[in-house]
Amino acid sequence: MTVLQQSSPHRRRTTTALLVVAAVLTLAACGGDDKEQSSLAPTATTAAPTAVAGQPPAVQPTATPTVAATATPSPTATDTPVPTTTPTATATPIHPLSIEYLRQQEYPGSELVIEQTLAPGSNYDRYYTSYYSEGLKQYGLLTVPRGQKPDSGWPVIIFNHGFIPPNEYRTTERYVAYVDGFARSGYIVFRPDYRGHDQSEGTPSGAYGSPDYVIDVLNATASLKQYPDADPQRIGMWGHSMGGWITLRAMVTDPDIQAGVIWGGVVGAYEDLLTGWRRGDRPAPTPDPNGSRGRWRNSLTSLFGSPESNPEFWQSLSANYFLDELSGPIQLHHTQGDESVPVEFSEILYRQGLDAGMPIELVTYPGDNHNISGNFGTAMSQSVAFFDRWLKQPLNLTNVAGATVFTGNGLANLRSGPGTSFNIVGQMQGGESLSIIGANADRTWWQVETADGPAWVADSVTLAAHFADVPIVEEAAGP
Numbered sequence: 044m045t046v047l048q049q050s051s052p053h054r055r056r057t058t059t060a061l062l063v064v065a066a067v068l069t070l071a072a073c074g075g076d077d078k079e080q081s082s083l084a085p086t087a088t089t090a091a092p093t094a095v096a097g098q099p100p101a102v103q104p105t106a107t108p109t110v111a112a113t114a115t116p117s118p119t120a121t122d123t124p125v126p127t128t129t130p131t132a133t134a135t136p137i138h139p140l141s142i143e144y145l146r147q148q149e150y151p152g153s154e155l156v157i158e159q160t161l162a163p164g165s166n167y168d169r170y171y172t173s174y175y176s177e178g179l180k181q182y183g184l185l186t187v188p189r190g191q192k193p194d195s196g197w198p199v200i201i202f203n204h205g206f207i208p209p210n211e212y213r214t215t216e217r218y219v220a221y222v223d224g225f226a227r228s229g230y231i232v233f234r235p236d237y238r239g240h241d242q243s244e245g246t247p248s249g250a251y252g253s254p255d256y257v258i259d260v261l262n263a264t265a266s267l268k269q270y271p272d273a274d275p276q277r278i279g280m281w282g283h284s285m286g287g288w289i290t291l292r293a294m295v296t297d298p299d300i301q302a303g304v305i306w307g308g309v310v311g312a313y314e315d316l317l318t319g320w321r322r323g324d325r326p327a328p329t330p331d332p333n334g335s336r337g338r339w340r341n342s343l344t345s346l347f348g349s350p351e352s353n354p355e356f357w358q359s360l361s362a363n364y365f366l367d368e369l370s371g372p373i374q375l376h377h378t379q380g381d382e383s384v385p386v387e388f389s390e391i392l393y394r395q396g397l398d399a400g401m402p403i404e405l406v407t408y409p410g411d412n413h414n415i416s417g418n419f420g421t422a423m424s425q426s427v428a429f430f431d432r433w434l435k436q437p438l439n440l441t442n443v444a445g446a447t448v449f450t451g452n453g454l455a456n457l458r459s460g461p462g463t464s465f466n467i468v469g470q471m472q473g474g475e476s477l478s479i480i481g482a483n484a485d486r487t488w489w490q491v492e493t494a495d496g497p498a499w500v501a502d503s504v505t506l507a508a509h510f511a512d513v514p515i516v517e518e519a520a521g522p
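The opening position of the sequence shown corresponds to residue 44 in our numbering, with each subsequent residue numbered one higher.
Bear in mind the hints are in silico, worked out from the structure with no lab data behind them.
Bear in mind the structure is a predicted one, so any value in this text is a computation, not a measurement.
We put the beta carbon where it would ideally sit given N, CA and C, even for glycine.
Some hints here could point you the wrong way.
[Unchecked claim] As a list, the in silico BS3-like pairs of lysine-lysine whose alpha-carbon atoms are at most 30 Å apart:
hint	residue 1	residue 2
1	Lys192	Lys180
2	Lys435	Lys192
3	Lys192	Lys268
4	Lys268	Lys180
5	Lys268	Lys435
[Said to hold, decoys possible] Pair by pair, the computed Cβ-Cβ distance ranges are:
hint	residue 1	residue 2	range
6	Ser352	Gly420	44 to 54 Å
7	Gln269	Ser349	39 to 49 Å
8	Ser349	Lys192	10 to 20 Å
9	Gln276	Val156	41 to 51 Å
10	Arg213	Pro163	11 to 21 Å
11	Asp485	Val156	47 to 57 Å
12	Ser349	Pro271	43 to 53 Å
13	Asp398	Ala428	17 to 27 Å
Work out the full structure, taking the sequences as your base and the hints as a guide.
In structure tokens:
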């Protein structure tokens, strides 16, 4: 089954949201001016993550000229007003950066054409492929698993790369280990270039001042739905940095994206990008007015004012204000000391997600870089497991009554209090479910009712609940 009810692509959901919450664990792309470190093959895991319209004026009637008397005098004709049509009000145009604009567009995609067969991977084939987006020929890297294809087709991951200077970007370079991690795990992976990158047609317009890259990705997604080996009902999306921005916007636009994973994502709202693109207490740098970030900042603020003076406009642009209509669960990964994209973006999105009743997980890593190179193995294994949970073996939560916590295929420790310092008092077995009776203050641990009394759980569990329905309970004293 699908994770969220999707009877209408953009209907606000009134059913109980499905919340996926893991322990909040303590993430070179798309910096302030779209500058990214090279995404090289990552090193081995080194640091363990820590839990964590305006109406125009009416036209006045005009008069027919007075008829002049001829040979026989006659009364002067009375002026007769000519009726005019009241103008119809013209609606204010929807801004191209708005979520509503994206939702009003069509994304037909096209046939996915194999242009060249590339060297294969360990257990999958690789192809240089093309598709069309708004009449522009776009290219991308496609991987297809070998072996017995499922009856419905292979599950799909759309792979959205971070910022790389378009003139330096190459379709088959960088992110090699990242693509491989998903490709060898039984997924079709498609990594679209974005327009103007490498051989793809069009002008590279950047992600924050133009909808073009999101449009390209949505057309790529539509193209994969038509690919014979793909299962159009099992599509996920992964994004890094700028690609995370694209992923989040795509998931509040296309209801067919069933799950998303974002590493080091630019997932702040526009007001956050304007004022919060900084690290800790360090002042945000003044953007280059000629750079892509400077251009969209200056253009939007000069035309529409600041977020404080015109909040309705700025909120219409940001996916963060549409989280209750997200197409599926999201898992966030971010490095605590990320110097390219502040971890606060992911932390804020996580809190916004909880408030919206959105399915979300957050994993953060100490002492690593923007690419999560030092914790690559851990981050990749958790990302694959997340996609497996929601694309390969989705939990059947149709008949869930009340707030309930589930385990997947693994085990989850039950503790005497909300924290790893408390004693383990039992375990939840794979597929087991327990009723939720409370949460700690920051909603990172869940109190459940067991046969032996209340216990606490946090690790790798899935919840069917709305946070407003789960009371905050007094926490047990530490051991």
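Right, here's what the structure says about each hint:
With a C-alpha separation of about 29 Å, the suggested pairing of Lys192 with Lys180 holds against the 30 Å cut-off. Note on Lys435 and Lys192: the hinted pairing holds, with a Cα-Cα distance of about 13 Å set against a maximum of 30 Å. Taken as a hint, the Lys192 and Lys268 pair is honoured in the structure, with Cα atoms around 16 Å apart against an allowance of 30 Å. Distance hint between Lys268 and Lys180 is fulfilled; the C-alpha atoms sit about 18 Å from each other, no more than 30 Å.
Distance check on the hinted pair: Lys268 and Lys435 sit about 17 Å apart at the alpha-carbon level, within 30 Å; holds. A hinted range of 44 to 54 Å for the beta carbons of Ser352 and Gly420 is consistent with their spacing of about 47 Å. In this structure the hint that Gln269 and Ser349 lie 39 to 49 Å apart at CB holds, the actual value being about 43 Å. Evaluation of the 10 to 20 Å hint for Ser349 and Lys192 yields a failure: the beta carbon distance comes to about 53 Å.
The hinted range of 41 to 51 Å is not satisfied by Gln276 and Val156, whose Cβ atoms lie roughly 23 Å apart. The supplied range of 11 to 21 Å is met by Arg213 and Pro163, whose beta-carbon atoms lie about 19 Å from each other. Between Asp485 and Val156 the beta carbons are some 50 Å apart, a value that agrees with the proposed interval 47 to 57 Å. The hint said 43 to 53 Å for the Cβ distance between Ser349 and Pro271, and at roughly 50 Å that hint holds.
Against the hinted window of 17 to 27 Å, the Cβ-Cβ separation of Asp398 and Ala428 comes to about 26 Å, which satisfies the hint.
Violated hints, listed in ascending order, are 8 and 9; each of the other numbered hints is respected by the structure.
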